[in-house]
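Chain residues, written in single-letter form:
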Amino acid sequence: MNLRLYHIIVLMLLSFIPIVTIAQDDSPQNFYLEKAKQSTVDQVQLDFAVPDNPAFKSLGKDPSNILRPSSAKDLALQFGNFTGNGSFIIPKDFSLEVAPGLLLKPWYTLNDYQNKSGLRFLSKLRISLGTASDDETHTNSMAAGIHLTLLDNSDFRNDTAFLKKYIFDKQDRFTISWKKYRDEIIVQKGLTIEQYDALSQQDKDAILNQAKQNVGYELDTIISNALVAYKKQNWNASKIDFAYSLLSQSGDSLISDARIQKHSFWLTAALKPGRNNNWGQLLIGINNNIIRANNKFYNEFNGNLRFYAGANRVKGFIETQYQNLDNPIERQNSLYAQIGLEVAVLKSIWLHFGTGILNALDGSKRSELISNLNLYFSFPENFSLFK
Amino acid sequence: MIHVKFDPQGGDISIEILYFGNLTASYVYTLWEKNSNSKKDEQTGNNQNSDDDKYDLPSPVSENEGRIVEVFSTLNNPSGGSIEKEIVAIRLWQGRRILLSEENPDGFKVGGKTFTLTEQKIIDAGKTELSDPFIKLIV
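Keeping their order, the protein sequence lines are chains B and L. Residue numbering for the first sequence follows my numbering, starting at -4 and increasing by one per position. Residue numbering for the second sequence follows my numbering, starting at 3 and increasing by one per position.
FYI, nobody ran anything at the bench for these hints, they're computed from the structure. Don't take every hint at face value.
[What the hints assert, rightly or not] If you anchor each label on the Cβ, the simulated ranges turn out as follows: (1) B/304 / L/46: 57 to 67 Å; (2) B/311 / L/46: 39 to 49 Å; (3) B/201 / L/124: 18 to 28 Å; (4) L/124 / B/300: 38 to 48 Å; (5) B/102 / L/5: 24 to 34 Å.
[Said to hold, decoys possible] Simulated crosslink set (PhoX-like; lysine-lysine; CA at most 25 Å straight-line): (6) L/123 / B/119; (7) B/199 / L/42; (8) B/199 / L/129; (9) B/184 / L/36; (10) L/115 / B/199; (11) L/41 / B/175; (12) L/129 / B/207; (13) L/111 / B/100; (14) L/129 / B/227; (15) L/36 / B/175; (16) L/111 / B/175; (17) L/129 / B/165; (18) L/123 / B/207; (19) L/115 / B/119; (20) L/129 / B/175; (21) L/56 / B/100; (22) B/159 / L/123; (23) B/100 / L/123; (24) B/227 / B/159; (25) L/56 / B/119; (26) L/115 / B/207; (27) B/165 / L/56; (28) L/129 / B/100; (29) L/129 / B/226; (30) L/123 / B/165; (31) L/56 / B/159; (32) B/184 / L/41; (33) B/199 / L/123; (34) L/56 / B/160; (35) B/310 / B/226; (36) L/123 / B/175; (37) L/129 / B/159.
By construction, the Cβ of each residue, glycine as well, lies at the ideal position given by its N, Cα and C atoms.
Isolated chain B, as found in the complex (with noise of 0.2 Å):
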């Protein structure tokens, strides 16, 4: 999809976003809720990407601070911050995620991904690295996280009944008769095995092109339409994410002077409700930092809810977010409540648009409404970095 087709897409759903209200009040309380506008870049957040990585998490471009648990995937890139002065710019902040264990040659078989835990928990392991930059401030931001998945049940490749049922069986199946219709070919062509392979390329395909015929059937469309069955079953299957980051800052460019700024920790579960339940998915996920300010590092704490209700492709959420600031100059407790909607517009782009309600839970504050917009965008089928 080209830059043009985004920027309408974009421009379409910018129109519905409500209108976002900002507290003017300059007091030191004000503190927590800039920080929490930061967050949303003051407007509407438009980020370019796959699920949440922590790196670019921890760079602060959310109003929630719930990490989603997520598929490893052996590359995911993400940027932030298309918009600036009312026009699409080129997003200075960037993220990349890398699952090693996928790059890598296989050396396991399907059978050791099934049976070895550790062996699944290496290959889902996840390093990602991000940057951003402040125009205002100067400040140029750093975060390299460590992504790891503790518990995928939507994993097919680990349900061995289903691979069974819906692919084996098919697949067996296929390859017995394409192979029975190619020898059978062969026998016509008079050909010995040794003759046969020793047929140009060309001639060899065009005999085992003119067998698949013969089968009568796609492998691949049946084996599609299964998967996508699936999905639709499992989109809300448990899972459990743990995920750390390191973000540093520095004043100039060059990062010279850069400085440990921030620690992070997620851990968030997604919870299927129910054993048959293809239609709603409960998150709870908790989210630490230790912040540094005044070379001191003080703690927040963020406590997540979030519950899904749809299908795959288009789904509704509520959300609650507790946080608790303990920075020595104010300490504050607040509530964020927000609902949206996740849709698949395309293949591969998902829109994630939230808008919500921020308190603080002394009554010091006005409550803020804030929206945000996400765009993920997962790699096109057919993308790697090894073909």
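Starting from the structure of chain B, add chain L where the hints point.
Frame of chain B, contents of chain L only:
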């Protein structure tokens, strides 16, 4: 086609078929008669369970001279994600010795193990690829 030398006076020969990677694979193993299109043996299987993918070649061992081993495999990448690699790895044994080919006497290495023949395929998401290597047994 690669050529693998064996000892006609030696122990029994067997073939082991393994698949490295996350994809699904089904195969038809065929032992073809010398200079013919008739089959001495044919077995089918998949990579659902690696334990049952080992077959003995007929004895007496010397009669396997000139026969051709074929492993006709379909490799399916069922993921909705990206291209993935899969390696078909074939090991011929005579007794406890791995038989290596004339073309590559050091064998092929995958996952720290040595194989008689390996073939790596890169398969598009949602697609099926064929791997169809041939091994001629010689003395």
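Hints, one by one, checked against the model:
Range check, residue 304 of chain B to residue 46 of chain L: Cβ separation about 45 Å, and the 57 to 67 Å hint is violated. With their beta carbons about 48 Å apart, residue 311 of chain B and residue 46 of chain L fall inside the hinted range of 39 to 49 Å. Range check, residue 201 of chain B to residue 124 of chain L: Cβ separation about 23 Å, and the 18 to 28 Å hint holds. A beta carbon spacing of about 43 Å between residue 124 of chain L and residue 300 of chain B agrees with the range 38 to 48 Å that was offered as a hint.
For residue 102 of chain B and residue 5 of chain L, the hinted distance range of 24 to 34 Å is satisfied, since their beta carbons lie about 28 Å from each other. In summary, the hint linking residue 123 of chain L to residue 119 of chain B is supported, as the alpha carbons are separated by about 22 Å, within the 25 Å threshold. Pair hint residue 199 of chain B plus residue 42 of chain L holds up; C-alpha atoms about 23 Å apart against a cutoff of 25 Å. Between residue 199 of chain B and residue 129 of chain L the CA atoms are separated by roughly 20 Å; this keeps the pair inside 25 Å, and the hint holds.
With a C-alpha separation of about 18 Å, the suggested pairing of residue 184 of chain B with residue 36 of chain L holds against the 25 Å cut-off. Proposed proximity of residue 115 of chain L and residue 199 of chain B is contradicted: the alpha carbons are some 31 Å apart, above 25 Å. Distance hint between residue 41 of chain L and residue 175 of chain B is fulfilled; the C-alpha atoms sit about 12 Å from each other, no more than 25 Å. A distance of roughly 14 Å separates the Cα atoms of residue 129 of chain L and residue 207 of chain B; the hinted pair therefore holds under the 25 Å criterion.
Under the criterion of a C-alpha separation no larger than 25 Å, the hint pairing residue 111 of chain L with residue 100 of chain B is consistent with the structure, at around 11 Å. In summary, the hint linking residue 129 of chain L to residue 227 of chain B is supported, as the alpha carbons are separated by about 20 Å, within the 25 Å threshold. With a CA separation close to 19 Å, the supplied pair residue 36 of chain L and residue 175 of chain B stays within the 25 Å bound. Simply put, residue 111 of chain L and residue 175 of chain B have alpha-carbon atoms about 31 Å apart, too far for the 25 Å limit, and the pair is violated.
Between residue 129 of chain L and residue 165 of chain B, the direct Cα distance comes to roughly 14 Å. Compliance with the 25 Å bound is thereby established for this hinted pair. Simply put, residue 123 of chain L and residue 207 of chain B have alpha-carbon atoms about 19 Å apart, close enough for the 25 Å limit, and the pair holds. At roughly 24 Å between alpha-carbon atoms, residue 115 of chain L and residue 119 of chain B fall within 25 Å of each other, so this suggested pair holds. For a cut-off of 25 Å, the pair hint linking residue 129 of chain L to residue 175 of chain B stands: about 21 Å separates their Cα positions.
Simply put, residue 56 of chain L and residue 100 of chain B have alpha-carbon atoms about 24 Å apart, close enough for the 25 Å limit, and the pair holds. For a cut-off of 25 Å, the pair hint linking residue 159 of chain B to residue 123 of chain L stands: about 23 Å separates their Cα positions. With a C-alpha separation of about 11 Å, the suggested pairing of residue 100 of chain B with residue 123 of chain L holds against the 25 Å cut-off. A threshold of 25 Å between alpha carbons decides the hint, and for residue 227 of chain B with residue 159 of chain B the separation of about 19 Å falls inside it, so the pair holds.
Taking the CA atoms of residue 56 of chain L and residue 119 of chain B, the gap is about 30 Å. The hint is violated against a cut of 25 Å. Of the pairs offered as hints, the one joining residue 115 of chain L and residue 207 of chain B is violated, with about 34 Å between alpha carbons and a cut-off of 25 Å exceeded. Distance check on the hinted pair: residue 165 of chain B and residue 56 of chain L sit about 22 Å apart at the alpha-carbon level, within 25 Å; holds. Under the criterion of a C-alpha separation no larger than 25 Å, the hint pairing residue 129 of chain L with residue 100 of chain B is consistent with the structure, at around 19 Å.
As the CA atoms of residue 129 of chain L and residue 226 of chain B are separated by approximately 18 Å, the hinted pair is consistent with the 25 Å bound. Straight-line distance between C-alpha atoms of residue 123 of chain L and residue 165 of chain B comes to about 21 Å, which keeps the hinted pair within the 25 Å bound. With a C-alpha separation of about 20 Å, the suggested pair residue 56 of chain L and residue 159 of chain B falls inside the 25 Å cut-off, and the hint holds. Simply put, residue 184 of chain B and residue 41 of chain L have alpha-carbon atoms about 16 Å apart, close enough for the 25 Å limit, and the pair holds.
Distance check on the hinted pair: residue 199 of chain B and residue 123 of chain L sit about 18 Å apart at the alpha-carbon level, within 25 Å; holds. With a C-alpha separation of about 23 Å, the suggested pairing of residue 56 of chain L with residue 160 of chain B holds against the 25 Å cut-off. Between the alpha carbons of residue 310 of chain B and residue 226 of chain B the distance comes to roughly 14 Å, so the proposed pair stays at or under 25 Å and holds. The hinted pair formed by residue 123 of chain L and residue 175 of chain B meets the criterion: a straight-line CA distance of about 23 Å does not exceed 25 Å.
A C-alpha spacing of about 18 Å is found between residue 129 of chain L and residue 159 of chain B, which places the hinted pair at or below 25 Å, so the restraint holds.
Going down the numbered hints, you'll see the structure goes against 1, 10, 16, 25, 26, while the others check out.
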